[in-house]
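2 protein chains.
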Amino acid sequence: MNLALLFDEDFVTPDRAVLTGRRLAHLHSVLKVAAGDRIPVGRVDGLMGSGEVIRLTDTEAELQVTLDQQPPTALPLTLILAMPRPKMFRRVLQTCASLGIKDIWLINSYKVEKSFWQTPWLSEDNLRENLALGLEQAKDTVMPTIHIRKLFKPFVEDELPGILAGKRALVAHPGTPTPCPVHLDEPAVLCIGPEGGLTPYEVGKLEEAGCQGVHLGPRILRVETAVPVLVSRLFDACR
Amino acid sequence: MNLALLFDEDFVTPDRAVLTGRRLAHLHSVLKVAAGDRIPVGRVDGLMGSGEVIRLTDTEAELQVTLDQQPPTALPLTLILAMPRPKMFRRVLQTCASLGIKDIWLINSYKVEKSFWQTPWLSEDNLRENLALGLEQAKDTVMPTIHIRKLFKPFVEDELPGILAGKRALVAHPGTPTPCPVHLDEPAVLCIGPEGGLTPYEVGKLEEAGCQGVHLGPRILRVETAVPVLVSRLFDACR
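Chains as they are written, first to last, in my numbering: chain A, 265 to 503; chain B, 265 to 503.
So that you can see chain A by itself, here it is in the shape it has in the complex (with noise of 0.2 angstroms):
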C-alpha cells in the first residue's frame, strides 16, 4: 500500500476520514504510524495528497486530508481478456489495475473452464477490493470498469466492433506471422486469450471484427506476465 485509497463512505467531514479493517491494519503493522505522521492518500477517482493521522486507536485512524495532485495518466488502452483461472484472476486484476488500464473486459472463450465464471473473486466487492489493491500499490485513484461478458460470438459480433471504432485493434495470438508494435501514440484494444490459447475460430472472428493478429515471439508467457510485458511494449510507462 504505497497510498491509502479512500473511499466516499470514509470520509466523516469533507477533509476527514475514518479508517478501518486492511488499511488501518496496514498503518499499524507496516507503515507504523504515530499520531501526527502523514500518510500518502487518494481519493477514488479523485485527487491524491496527503492525510495527517490525527486520531490512532485500534480499531480507527482519523485522518485530516489535503488532496492536491493528479493521478497518474491512465493508459489509453481497453483490455479484453479470456476469463482466467480463479487462482490467477485476482492477481491479475491487480496488476492490470497497477499498470493504469482502466477499461478491462472479462470474455467466454472455448478455453475458459465454465467454472471460472463461479469464481466469488467476480463479485462487485471483491472486483473492487482487488483493483483498489493494484491502485495503491501503483498510487493512483482512477478505479477500472470491469465489463463481464459470458458469451463470446454475440458479444463479438454485436459489441466489439463499437469498441474498436477510432482505436487500433490487437489479437495477441502465437504464431501469427506479425510482431507486436511498439509505442503506439493512438488509443489501443488489446485481446488476450485464455491459457491454451483462442481457438482459430475464435481468433478469426476477432480478426473479422477489425482485430490484427500479432505474436510476442516464441515465449509462451502466462497472463500474468504477457500483460506487462505487452502494455510495456505499446506503451511508454515513463510519461
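Derived from the structure by calculation, the hints contain no laboratory data.
Mixed in with the good hints there might be a few duds.
In this list, chains with the same sequence are indistinguishable; a pair is considered to hold if it fits within one copy or across any two.
[Claimed, not checked] Computed list of lysine-lysine pairs in DSS-like fashion (alpha-carbon distance at most 25 angstroms, straight line): (1) K296 with K417; (2) K351 with K296; (3) K296 with K375; (4) K414 with K431; (5) K296 with K378.
No experiment lies behind these values; they were computed from the predicted model shown.
Following the hints, position chain B against chain A.
Just chain B now, with coordinates in the frame of chain A:
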C-alpha cells in the same frame, strides 16, 4: 506446461525418456494424451523437439524423443534482485525463467527481512523445479543460474564491478530523473530493489559501482510486474 522438460535422469536410452510425477500427471489430466500422441519436449540445456508417447501407464509415460530445434534466444541480461518475500519468490523465479533471463543474483538489502532467506524455496531442488516450470511455460530449455549473496556490501564492492564490466548497468529506482532506456542492443545488468525500495545508501553504492539510476514513471509496481515491464522495455521480446 507447453513443453515437457527432460532431465538427464529421465533418459533410459539416448532417445527414450520416462516421465513420472508432475509431468506425467499433466499428460494425463490436462493434455489427456494416449499412446501414439506426440508432445513438445526439450532436454535441459539442450535442444527441443517432440516426444512420441510409446507407453503410458498410471505411473509412467515413456517417450521416443526427437530433438532437432534450438531453444529461443536468451536475454542478454543479468538480473540482480533483492531477495523477494517468499510468497512472491516462486512466481518471480517462474516469471524470470519464462522471460528468458539466464543469470539471476539474489542479494540482500536493508528492507529484505532476515526471514526471507529461510524460505525452503531457496533449496537447490525447489529453485530448479520453479525455474523448470517457467521454462516449460515459455518453451525453453536453458536453465537459469541463480547466485545467492546474503551480504550487500561485499557483493557490491567486490563482485559487482566484474559483473558490470562491458555491460550497460541500470538500477531501477523510483524518483530518479532518468527514464529507463528502451531497446538496448548491448548486454545489460539490471538491479531491482525490494518491496519498499532500496535505501539511499544502497542506491549510492550501486551507482558508485557503475549502475545508472533509472525510473519507470510515477507508478510503483510490484517486483513480479516490474520485471516483465522492464525486460519488455529493454529488449525486443519478438526476436
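### Query
Tell me, which hint numbers fail for this structure?
1
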